[in-house]
Amino acid sequence: MGEEGPKKVEYSAPAEEKDVAQEKSLIPVPEEVTPAPEKSSGSSIDRDAVLAQLATEKRNALVKAWEENEKAKVDNKVYKKTCDIGSRENCKIAYVEADLKKIEEKLEKKKSEYTEKKKNKMAEIHREAEEKRAMVEAKKGEQYHKIEERAEKFRATGYTTKKFLGCFSC
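Taking this note's numbering, the leading residue of the sequence shown gets 32, the next gets one more, and so forth.
A portion of the hints provided could be inaccurate.
[Unchecked claim] Subject to a maximum C-alpha distance of 20 Å in a straight line, what follows is the list of computed EDC-like cross-link-like pairs (lysine to aspartate or glutamate):
1. K170 x E180
2. K149 x E161
3. K137 x E120
4. K152 x E162
5. K142 x D130
6. K184 x E168
7. K104 x E88
[Unchecked claim] If you anchor each label on the Cβ, the simulated ranges turn out as follows:
8. E135 x W97: 35 to 45 Å
9. K170 x E144: 46 to 56 Å
10. E173 x K193: 18 to 28 Å
11. K112 x K137: 33 to 43 Å
12. I116 x D77: 53 to 63 Å
13. W97 x I134: 35 to 45 Å
14. L82 x D106: 33 to 43 Å
15. R164 x K193: 32 to 42 Å
It is worth saying that the hints were derived from the structure and are not from the lab.
Glycine residues also receive a C-beta, built at the ideal position from the N, C-alpha and C atoms.
All chains, full assembly: derive it from the sequences and hints.
Set out below in C-alpha coordinates:
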(Lines of atoms letter the chains of each structure in order from A and count residues from 1; the text may use other names and numbers.)
(Lines give C-alpha, C1' and ligand atoms only; values in the text may rest on other atoms or scores of the structure.)
Protein backbone atom coordinates (compact mmCIF):
# COMPACT_ATOMS: atom_id res chain seq x y z
CA MET A 1 0.00 0.00 0.00
CA GLY A 2 2.78 2.43 0.82
CA GLU A 3 4.34 2.01 -2.61
CA GLU A 4 1.07 2.44 -4.54
CA GLY A 5 0.54 5.98 -3.30
CA PRO A 6 3.80 7.48 -4.55
CA LYS A 7 3.45 5.72 -7.89
CA LYS A 8 0.07 7.33 -8.46
CA VAL A 9 1.43 10.69 -7.42
CA GLU A 10 4.40 10.31 -9.77
CA TYR A 11 2.12 9.11 -12.57
CA SER A 12 -0.17 12.11 -12.33
CA ALA A 13 2.71 14.55 -11.82
CA PRO A 14 3.93 14.64 -15.47
CA ALA A 15 0.47 15.73 -16.61
CA GLU A 16 0.96 19.31 -15.40
CA GLU A 17 3.57 21.23 -13.47
CA LYS A 18 0.90 23.07 -11.52
CA ASP A 19 -0.43 19.82 -10.10
CA VAL A 20 3.07 18.74 -9.04
CA ALA A 21 3.28 21.66 -6.64
CA GLN A 22 -0.16 20.88 -5.27
CA GLU A 23 0.64 17.18 -4.88
CA LYS A 24 3.87 17.98 -3.06
CA SER A 25 1.91 20.15 -0.69
CA LEU A 26 -0.50 17.27 -0.14
CA ILE A 27 2.18 14.70 0.63
CA PRO A 28 3.41 16.41 3.83
CA VAL A 29 -0.08 16.13 5.36
CA PRO A 30 0.34 12.39 6.03
CA GLU A 31 3.85 13.09 7.36
CA GLU A 32 2.41 15.46 9.95
CA VAL A 33 0.11 12.68 11.14
CA THR A 34 3.03 10.25 11.54
CA PRO A 35 4.19 11.79 14.87
CA ALA A 36 0.90 10.65 16.42
CA PRO A 37 1.96 6.96 16.44
CA GLU A 38 5.09 7.91 18.36
CA LYS A 39 2.88 9.30 21.13
CA SER A 40 0.96 6.05 21.40
CA SER A 41 1.87 3.48 23.99
CA GLY A 42 3.21 1.14 21.32
CA SER A 43 0.53 -1.45 21.42
CA SER A 44 -0.25 -3.22 18.16
CA ILE A 45 -3.92 -2.20 18.26
CA ASP A 46 -3.03 1.48 18.45
CA ARG A 47 -0.44 1.01 15.76
CA ASP A 48 -2.95 -0.75 13.46
CA ALA A 49 -5.51 1.99 14.05
CA VAL A 50 -2.94 4.67 13.32
CA LEU A 51 -1.76 2.83 10.19
CA ALA A 52 -5.36 2.45 9.04
CA GLN A 53 -5.95 6.16 9.68
CA LEU A 54 -2.72 6.94 7.83
CA ALA A 55 -3.78 4.77 4.89
CA THR A 56 -7.17 6.49 4.83
CA GLU A 57 -5.56 9.93 4.87
CA LYS A 58 -3.15 8.85 2.15
CA ARG A 59 -6.04 7.55 0.03
CA ASN A 60 -7.96 10.79 0.62
CA ALA A 61 -4.90 12.81 -0.38
CA LEU A 62 -4.52 10.77 -3.58
CA VAL A 63 -8.22 11.15 -4.36
CA LYS A 64 -7.96 14.89 -3.78
CA ALA A 65 -4.88 15.08 -6.02
CA TRP A 66 -6.68 13.08 -8.71
CA GLU A 67 -9.73 15.34 -8.39
CA GLU A 68 -7.65 18.49 -8.76
CA ASN A 69 -5.77 16.98 -11.69
CA GLU A 70 -9.04 16.13 -13.48
CA LYS A 71 -10.41 19.61 -12.75
CA ALA A 72 -7.24 21.12 -14.20
CA LYS A 73 -7.67 19.00 -17.34
CA VAL A 74 -11.27 20.17 -17.68
CA ASP A 75 -10.18 23.78 -17.16
CA ASN A 76 -7.54 23.40 -19.87
CA LYS A 77 -10.04 21.89 -22.31
CA VAL A 78 -12.55 24.66 -21.60
CA TYR A 79 -9.85 27.31 -22.05
CA LYS A 80 -8.75 25.76 -25.35
CA LYS A 81 -12.32 25.55 -26.64
CA THR A 82 -13.01 29.11 -25.54
CA CYS A 83 -9.91 30.29 -27.40
CA ASP A 84 -10.99 28.34 -30.50
CA ILE A 85 -14.45 29.88 -30.34
CA GLY A 86 -12.95 33.35 -29.95
CA SER A 87 -10.60 32.87 -32.90
CA ARG A 88 -13.44 31.56 -35.09
CA GLU A 89 -15.56 34.52 -34.06
CA ASN A 90 -12.79 36.96 -34.94
CA CYS A 91 -12.21 35.22 -38.27
CA LYS A 92 -15.90 35.29 -39.18
CA ILE A 93 -16.24 38.92 -38.12
CA ALA A 94 -13.23 39.84 -40.26
CA TYR A 95 -14.77 38.01 -43.22
CA VAL A 96 -18.11 39.79 -42.80
CA GLU A 97 -16.39 43.16 -42.41
CA ALA A 98 -14.38 42.54 -45.60
CA ASP A 99 -17.58 41.57 -47.41
CA LEU A 100 -19.31 44.69 -46.10
CA LYS A 101 -16.40 46.81 -47.30
CA LYS A 102 -16.65 45.27 -50.79
CA ILE A 103 -20.37 46.00 -50.89
CA GLU A 104 -19.79 49.59 -49.73
CA GLU A 105 -17.14 50.03 -52.45
CA LYS A 106 -19.53 48.68 -55.10
CA LEU A 107 -22.28 51.00 -53.89
CA GLU A 108 -19.89 53.95 -53.84
CA LYS A 109 -18.79 53.10 -57.40
CA LYS A 110 -22.42 52.84 -58.57
CA LYS A 111 -23.23 56.10 -56.82
CA SER A 112 -20.37 57.88 -58.58
CA GLU A 113 -21.42 56.37 -61.93
CA TYR A 114 -25.03 57.47 -61.47
CA THR A 115 -23.91 60.90 -60.30
CA GLU A 116 -21.72 61.25 -63.38
CA LYS A 117 -24.57 60.12 -65.66
CA LYS A 118 -26.98 62.61 -64.09
CA LYS A 119 -24.45 65.44 -64.33
CA ASN A 120 -23.88 64.56 -67.99
CA LYS A 121 -27.66 64.57 -68.50
CA MET A 122 -27.89 67.99 -66.84
CA ALA A 123 -25.08 69.28 -69.08
CA GLU A 124 -26.87 67.87 -72.15
CA ILE A 125 -30.12 69.57 -71.12
CA HIS A 126 -28.25 72.85 -70.56
CA ARG A 127 -26.54 72.54 -73.97
CA GLU A 128 -29.87 71.85 -75.71
CA ALA A 129 -31.44 74.84 -73.95
CA GLU A 130 -28.55 77.06 -75.08
CA GLU A 131 -28.98 75.82 -78.67
CA LYS A 132 -32.71 76.57 -78.54
CA ARG A 133 -32.04 80.04 -77.11
CA ALA A 134 -29.54 80.65 -79.90
CA MET A 135 -32.10 79.51 -82.50
CA VAL A 136 -34.76 81.78 -81.00
CA GLU A 137 -32.32 84.71 -81.05
CA ALA A 138 -31.42 83.88 -84.66
CA LYS A 139 -35.11 83.80 -85.66
CA LYS A 140 -35.60 87.07 -83.82
CA GLY A 141 -32.78 88.58 -85.83
CA GLU A 142 -34.27 87.22 -89.08
CA GLN A 143 -37.70 88.58 -88.20
CA TYR A 144 -36.20 91.99 -87.35
CA HIS A 145 -34.39 91.92 -90.68
CA LYS A 146 -37.62 91.06 -92.58
CA ILE A 147 -39.52 93.77 -90.72
CA GLU A 148 -36.81 96.30 -91.51
CA GLU A 149 -36.86 95.26 -95.21
CA ARG A 150 -40.66 95.60 -95.38
CA ALA A 151 -40.53 98.92 -93.57
CA GLU A 152 -37.93 100.08 -96.09
CA LYS A 153 -40.17 98.91 -98.93
CA PHE A 154 -43.19 100.70 -97.42
CA ARG A 155 -41.20 103.88 -97.06
CA ALA A 156 -40.05 103.63 -100.61
CA THR A 157 -43.56 103.06 -101.97
CA GLY A 158 -45.34 105.28 -99.48
CA TYR A 159 -47.69 102.50 -98.54
CA THR A 160 -48.99 102.10 -95.00
CA THR A 161 -50.17 98.84 -93.59
CA LYS A 162 -53.82 98.48 -92.79
CA LYS A 163 -53.30 96.14 -89.87
CA PHE A 164 -51.28 98.60 -87.88
CA LEU A 165 -53.13 101.75 -88.70
CA GLY A 166 -56.54 100.18 -89.11
CA CYS A 167 -57.90 101.96 -86.09
CA PHE A 168 -56.73 105.35 -87.36
CA SER A 169 -58.48 106.74 -90.31
CA CYS A 170 -56.43 108.70 -92.60
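Hint by hint, here is what the structure shows:
1. K170 x E180: Distance ~15 Å between K170 and E180 Cα, so the pair holds.
2. K149 x E161: Between K149 and E161 the Cα gap is close to 18 Å, so the pair holds against 20 Å.
3. K137 x E120: With a Cα-Cα distance of about 26 Å, the restraint between K137 and E120 is violated, given a limit of 20 Å.
4. K152 x E162: It holds: about 15 Å lies between the C-alpha atoms, which stays within 20 Å.
5. K142 x D130: It holds: about 18 Å lies between the C-alpha atoms, which stays within 20 Å.
6. K184 x E168: Violated. K184 to E168 sits at ~24 Å, over the 20 Å cutoff.
7. K104 x E88: violated, 24 Å
8. E135 x W97: 35 to 45 Å: violated, 57 Å
9. K170 x E144: 46 to 56 Å: Violated, since K170 and E144 (Cβ atoms, about 39 Å apart) do not stay within the stated range.
10. E173 x K193: 18 to 28 Å: Once the Cβ atoms are compared, 24 Å apart, the range 18 to 28 Å for K193 and E173 holds.
11. K112 x K137: 33 to 43 Å: Holds: the Cβ-Cβ distance is about 37 Å, inside 33 to 43 Å.
12. I116 x D77: 53 to 63 Å: holds, 58 Å
13. W97 x I134: 35 to 45 Å: violated, 55 Å
14. L82 x D106: 33 to 43 Å: The hinted range 33 to 43 Å holds for L82 and D106, with Cβ atoms some 36 Å apart.
15. R164 x K193: 32 to 42 Å: Holds, since R164 and K193 (Cβ atoms, about 34 Å apart) stay within the stated range.
Violated hints, in rising order: 3, 6, 7, 8, 9, 13; the structure is consistent with all others.
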